[in-house]
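Got two chains here, separate frames each, mind docking them using the hints?
Residue numbers (this note's numbering), protein chains in the order written: chain A, 1 to 573; chain B, 1001 to 1223.
Be aware that a few hints might be false.
Unchecked claim - Cβ pair distances, simulated, as ranges:
1. Thr-1054/B x Ile-140/A: 55 to 61 Å
2. Lys-1217/B x Thr-72/A: 47 to 53 Å
3. Gln-473/A x Phe-1123/B: 30 to 36 Å
4. Thr-1054/B x Gln-473/A: 55 to 61 Å
5. Gln-473/A x Lys-1174/B: 27 to 33 Å
6. Gly-1094/B x Gln-478/A: 30 to 36 Å
7. Pro-230/A x Gly-1121/B: 42 to 48 Å
8. Arg-328/A x Gly-1199/B: 30 to 36 Å
9. Ala-1065/B x Val-502/A: 42 to 48 Å
10. Pro-58/A x Asp-1128/B: 42 to 48 Å
Unchecked claim - Some chain A residues flagged as far from chain B (calculated, every beta-carbon gap over 12 Å):
11. Gly-73
12. Leu-126
13. Asp-169
14. Ile-191
15. Val-222
16. Ile-306
17. Ile-492
18. Val-502
19. Gly-512
20. Glu-516
It is worth saying that the hints were derived from the structure and are not from the lab. Every residue, glycine too, gets a C-beta built ideally from N, C-alpha and C.
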Amino acid sequence: MSARVGVEGPVSFWRTYVFSTDHKTIAKQYLAIGLSWAIVGGLLAYLMRWQLAYPETPVPGFGWVPEPHMVTGIIPPEFYNMLVTMHGTIMVFFVAMPILLGAFGNFLIPLMIGAQDMAFPRLNMLSVWTFALSSLVLLISFFVPGGAAAAGWTGYPPLSAKAIYTGVDWGLNLWILALALEFASFLMGGINFLTTTVNLRAPGLSMFRLPLLVWMQITAAVLFMLSVGPLIAGAVMLLLDRVAGTSFYLPEGGGDPLLWQHLFWFFGHPEVYVILLPGLGIILEILPVFSRKPIFGYRPFIYSTIAVGILSFIVWAHHQFLSGMDPRLAMPFSITTILISVPFALMVFAMIATLWRGSIRFPTPMLFTLGTLAVFLIGGLTGIFNGSAPVDIYIHDTYFVVSHFHYTLVAVTFFASFAGLYFWFPKMFGRMMNETLGKIHFWLTFLFFNAVFIPMFLLGAGGMMRRIANPMQYDFLQPLQPMNVFATIASILLLLGQIPFVINFFWSLFAGKVAERNPWQANTLEWTAPSPPPHGNFETVPVVYRGPYEYSHPSVTEDWLPQDRPAVPTAVS
Amino acid sequence: MLSWLPENVSTYGGDIDSMISLIYYVVGAWFLLTYGAMILFLILYRRREGRRATYITGERLGEAAWILVPCVIVLGLDLWMDFRGAEVWAKVMGRVPPSDLRVQVTAKQFNWEILYPGPDGQFGTEDDLLLENELHVPVNKVVAVVLKSKDVIHSFFLPHLRLKQDAVPGREIKAWFEATKPGQYEIPCAELCGFGHSGMKGWLHVYPAEEYQQWVKARWPSS
Chain A
1 MSARVGVEGP VSFWRTYVFS TDHKTIAKQY LAIGLSWAIV GGLLAYLMRW QLAYPETPVP
61 GFGWVPEPHM VTGIIPPEFY NMLVTMHGTI MVFFVAMPIL LGAFGNFLIP LMIGAQDMAF
121 PRLNMLSVWT FALSSLVLLI SFFVPGGAAA AGWTGYPPLS AKAIYTGVDW GLNLWILALA
181 LEFASFLMGG INFLTTTVNL RAPGLSMFRL PLLVWMQITA AVLFMLSVGP LIAGAVMLLL
241 DRVAGTSFYL PEGGGDPLLW QHLFWFFGHP EVYVILLPGL GIILEILPVF SRKPIFGYRP
301 FIYSTIAVGI LSFIVWAHHQ FLSGMDPRLA MPFSITTILI SVPFALMVFA MIATLWRGSI
361 RFPTPMLFTL GTLAVFLIGG LTGIFNGSAP VDIYIHDTYF VVSHFHYTLV AVTFFASFAG
421 LYFWFPKMFG RMMNETLGKI HFWLTFLFFN AVFIPMFLLG AGGMMRRIAN PMQYDFLQPL
481 QPMNVFATIA SILLLLGQIP FVINFFWSLF AGKVAERNPW QANTLEWTAP SPPPHGNFET
541 VPVVYRGPYE YSHPSVTEDW LPQDRPAVPT AVS
Chain B
1001 MLSWLPENVS TYGGDIDSMI SLIYYVVGAW FLLTYGAMIL FLILYRRREG RRATYITGER
1061 LGEAAWILVP CVIVLGLDLW MDFRGAEVWA KVMGRVPPSD LRVQVTAKQF NWEILYPGPD
1121 GQFGTEDDLL LENELHVPVN KVVAVVLKSK DVIHSFFLPH LRLKQDAVPG REIKAWFEAT
1181 KPGQYEIPCA ELCGFGHSGM KGWLHVYPAE EYQQWVKARW PSS
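Just chain B, with the same shape it has in the complex (with noise of 0.2 Å):
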């Protein structure tokens, strides 16, 4: 299943991955532990001539002890993967890091409406810069990404950068990430948002440092 998860190009992407990796080599083991012992038993006690299945409840210490026991070693390994999940959430979903880069989009059926503040860094003003599906943004670099939406819940999926965050109409949802090779990839919608819903995607470009100050120029190029 590890080998289907997209490449990973994101800073935190890999924290994630490895965290997918972590559950499930833990339930993979138990999975292979629980299924031997079914099988096992059915193998075992299955029914013979001349031979009674043996009467025990269950409801001494002594014998409970194999279902207890082993919860315990449950209940250890949930406390475990919980402390390592909730550093990773606070990686991604905690306080955005300071940003290179900031960016609004805004998603209404069916498309991503993506606004640069310009050279001035502000938006609201003459030099913004209003893009239809696609986000231009520099490899190696913190973009921080403020999500609204126009009329129904979308959800900005990045599947190569492991992030996904809805849009709600109403609200305004920071989000972040930052891309670590260069390349194309898409932003699917990944909440039904209507009859457009599937095909409803745009693209992020991700160029080198030299090749995304061109891409600037082009579009101001008065600065």
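The following block holds chain A by itself, in its conformation from the complex (with noise of 0.2 Å):
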């Protein structure tokens, strides 16, 4: 049958750009989500780094936000503890996961195996929606009364159990609604993925010639669909101790605190490789076409990532090991946490093999990929710090780890992200986006990340606690404080330098230069479509001979050969 999945001739504006049953148009409604709640994100982050640095001083620029959340602009301890909770929440659940798998993995997964559409593309707009009923939840639990969720990002009861801990009653109801609804969503996205992956390759696209970061995705979507239930079933048990009265983790009716610890963590460590592996999948695909060469090692590198799923899945006491769990179960986790540093190892080294012996270049997105490189690899490093248990009974909750995620999770939700919108822009809305005020945004970003966040790993070895509202309470911490003016300084910087961003988003979707079929002379077949493909993506379905890093073929005078060009001509000297 050659009809295009949900192609219907003329269709409405609704069903155009609302109701669509399109990838592409579903892959931008995620984007648009994602990138909005990146600024509240964002905000939230700059009222924390506020208060860090000038303790109990009014936050410019926020004096209107009504009591008893903020009174005259200052930060109460409460309103501090929900700025906490809801930064992790938005920045991993609603930013991260809509970014890396619904934007990116919805955009490129049908182009890049040369599929008209999703597998079952009513399903992915149901997740869509789905996500943006989510999205709505959580935006409502800021204005009920008693504020939004604050018990933290991971809601450890009894904490979270109790509507009297923490003074918060339906935003912590609805933070676990909302939060069960995104699962879902991104349940029926991974469903689609896998399908359409496993289904609907093009001719010849073996699963040995798909591009990484389709193994990346669907490893993903596996990882997650694998965890996930776990932390359903824990969150239903939370929401009945806050609604029914029952007591899972409450001890005084016989429960246990930890555990949700476990389940959640279950879920939470692949969860951590759920973001990662995506945002590895982008700069894969950019870092052969710059550099003008295949991956180093394109096996090894699916045997690794697969190796990282399975050990992620046996490594999540980790973070418990102060926990009260027994002791003796310590060393076992940390020995299996240190482990994954081997499967990594070999990434980052076939990263940076692959730059050896190719002909670099360096626009915005590649810029964007070595910074991803770049800023991860201190992720990486630092996390062996936190994997040994010893090491971790002095840092853990303290701003080492908080710098040390954010090394890694920043690296692949914004380094990675904004690689790939600079990368796939083109192919996204058909015009290119400008280069100069693309190296303007990298280079501040690049330089107040680290600005930012080196100097946590110093606040971090000084023994500076999480989520505490004023380090000026502690004596042995107030030396440390010029560090924490610094780094609310470097970010308040660091948000401004995305200003050049927004201006070159907007700017380049309506005035950018129109770009061609294939701007960046590559391989995949997402470059064969037109610039935006149309509503079933390919003219002809295309027929594919060869893996999609055959860059400087020796058999070809130009350094790249589509994976869709039918033989190899006769080499020419």
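Right, dumping it as structure tokens:
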């Protein structure tokens, strides 16, 4: 059957832009929601940083927030706890997930495998609208009496299990509901990604000819599916504890607070890789294009990815070395955690080896790709400290951990996403982004990111605890205060550094240079479709003859060899 | 970074610090190596007219060895850190050594309740002493702590002694320390525990032997 999935001739404005089943429109909807939440998450970070540098002084620009949340722009402690909680929740579940999986996964998987759309276009639409509903619920939770959730993004009970402990009532119930809806949305999305990749690949596109981004996305989908069940069960129990008076997590009724931690981290650690792998996938597509070389060790890379996926299920208790679980459990989890460095080291070495003897260009997407690698490397290396159980005794719950996970998660959520946006913007919107603004954006982001988070490693080494609202309350932290001020100023500059991106994005959307089909001379199938591709993507179904990274192949004069070019012509001397 | 650690004043703090510096130097070396290689390649192999990239897939064993051999080294270093780490972990978190003083620390929103058994060494008797946010101990003596919580999870943190342990409601968790230097050290709570989390702290007073005896005398004059 050659009918195009979901294509039924001219459709109305609503069906084209709002209730669309087109995977590209859905991807843009995820992108729009994710980027909007990123602004909220960034502003929450600004509020927190202000409070940490200049405790109990009015935050510039926030005098309008009504009591009891803020008092003439001053942040009370319960509001600070809300900031901590919602910043984490938003950035992980409402920015990283929709952008890396929802936007890039949806946009690229069908295009990269030569399909007209997802296997289940209507399920896809349901998933994005479930996510929109989940976003709405989270947004409402800010405005209910008592404010939004304030028990940490990890929501440890008993703090999260009884309203009296935090003073937050419906805010936290809605937080659970929003997360449940979000998980449902990404489960539907993940099923779609897997089914589409398994069934709808173009002729000739074997699994070992897939772009690595697709491998990363489907591995992430599998990890998410296998890990999210326990968390949903855990969340239901938490909600019951809150609203029905049960005691799954309350010791006075026979429950156990640690049960939640095991369920949460059994999901939470694979979740780290659910976010990480698609981000790595993005830079793995960009690296060979601008090095004009194949990825070094395509198959070892895939095996490493699978190894990381499997290992990620047996490391969860490294978040709980000090939680009161049997101390004899710590070393096995410490060993598995540190072992993850082996497949990751292989990935990093392979990416660096890809640069070796290349012909490297430095347009904005490549700068952000190298930035991702540079930032992520520090995140990975500092993870060894946290993974070591004895070191964790000291640095657990300090800013060292905060800085570590920002080095990993910001690397993929922001650096890699920016790389991907600058790279695929011409395919998404049919226009090029401005290079000069892009480069300014990169250097501001890279410099100020490090200026924010390197001081946090030092603060963590100095013993500064996470989630405290006022470091000046502690004698041993007072000498470290200049570092807090430094990080805060840098964080404000980091936020301002995003303005060139916003200008560039909207200006290019309407006035950027019109993009060709394949502006970067890349090999993968999405570049054989028009820019932007119509509903249904390809004029003719592409046929694939080779792997995705055949750059500078000796048999052709050009330094690229698209996946769909029929035969390799004889070598020209 | 290492110079930012607060002064260590416990018997096992040195082991933890040496573990931190071991990892610091190992990952520091990898950092220099990988960043060095990356920056070198970016400069050497930047685009130049008339030069073409070399087609290398890295799939042949001879090529893949360039990344596989470093991975084996990583594995070796990992195991080294694991074995060194296991000893330190066992020392701090394993069996509590024979103690000279036992105290119960009960966390609640937003205080540390510290209970002394008194001269009879038994909890739950009349000579028990309950203090808020004050822990008084002699120097160079093993202090065994039983951690409890009345409401939510808290975390008992002694940054200068390199000790941290969560206090979980419904559980009694054992910890210990031996301070090596008299002085006053803060005991912050390290786990988000509600609106009063920031500022929830107590003080550890470490006394020389005689001063500690005077403190005991003042509290329990009859003994």
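### Query
Could one say that the CB atoms of Thr-1054/B and Gln-473/A fall in the range 55 to 61 Å?
holds (59 Å)
#### Entry: Pro-58/A versus Asp-1128/B beta-carbon gap, inside 42 to 48 Å or not
Check passed, 47 Å falls within 42 to 48 Å.
### Task
Just double-check Gly-73/A for me: nearest Cβ-Cβ distance to chain B has to come out over 12 Å.
holds (18 Å)
### Query
Is the Cβ of Gly-512/A more than 12 Å away from each Cβ in chain B?
Holds, since 24 Å exceeds 12 Å.
### Task
Just double-check Ile-492/A for me: nearest Cβ-Cβ distance to chain B has to come out over 12 Å.
Ile-492/A clear of chain B: closest Cβ-Cβ about 22 Å, beyond 12 Å.
### Query
Given a hinted range of 47 to 53 Å, is it respected by the beta-carbon distance of Lys-1217/B and Thr-72/A?
Given range 47 to 53 Å: holds, Cβ gap about 52 Å.
#### Entry: Given as non-interface: Val-502/A, which should sit over 12 Å from chain B by C-beta
holds (29 Å)
#### Entry: Non-interface claim for Asp-169/A versus chain B (Cβ beyond 12 Å)
Consistent with the label, Asp-169/A stays out of reach of chain B, its closest Cβ about 14 Å off (over 12 Å).
### Beta-carbon spacing of Gln-473/A to Lys-1174/B - inside the hinted bounds 27 to 33 Å or not
At 29 Å between Cβs, range holds.
### Query
Within 55 to 61 Å or not, the Cβ separation of Thr-1054/B and Ile-140/A?
Cβ of Thr-1054/B to Cβ of Ile-140/A: about 57 Å, so the range 55 to 61 Å holds.
### Message
Quick check: does the Cβ-Cβ distance between Ala-1065/B and Val-502/A fall within 42 to 48 Å?
### Response
holds (46 Å)
### Message
At 12 Å, judged by beta carbons, does Val-222/A keep clear of chain B as stated?
### Response
It holds; Val-222/A is separated from chain B by about 24 Å at its closest Cβ, greater than 12 Å.
When held up to the earlier numbered hints, the structure conflicts with none and fits them all.
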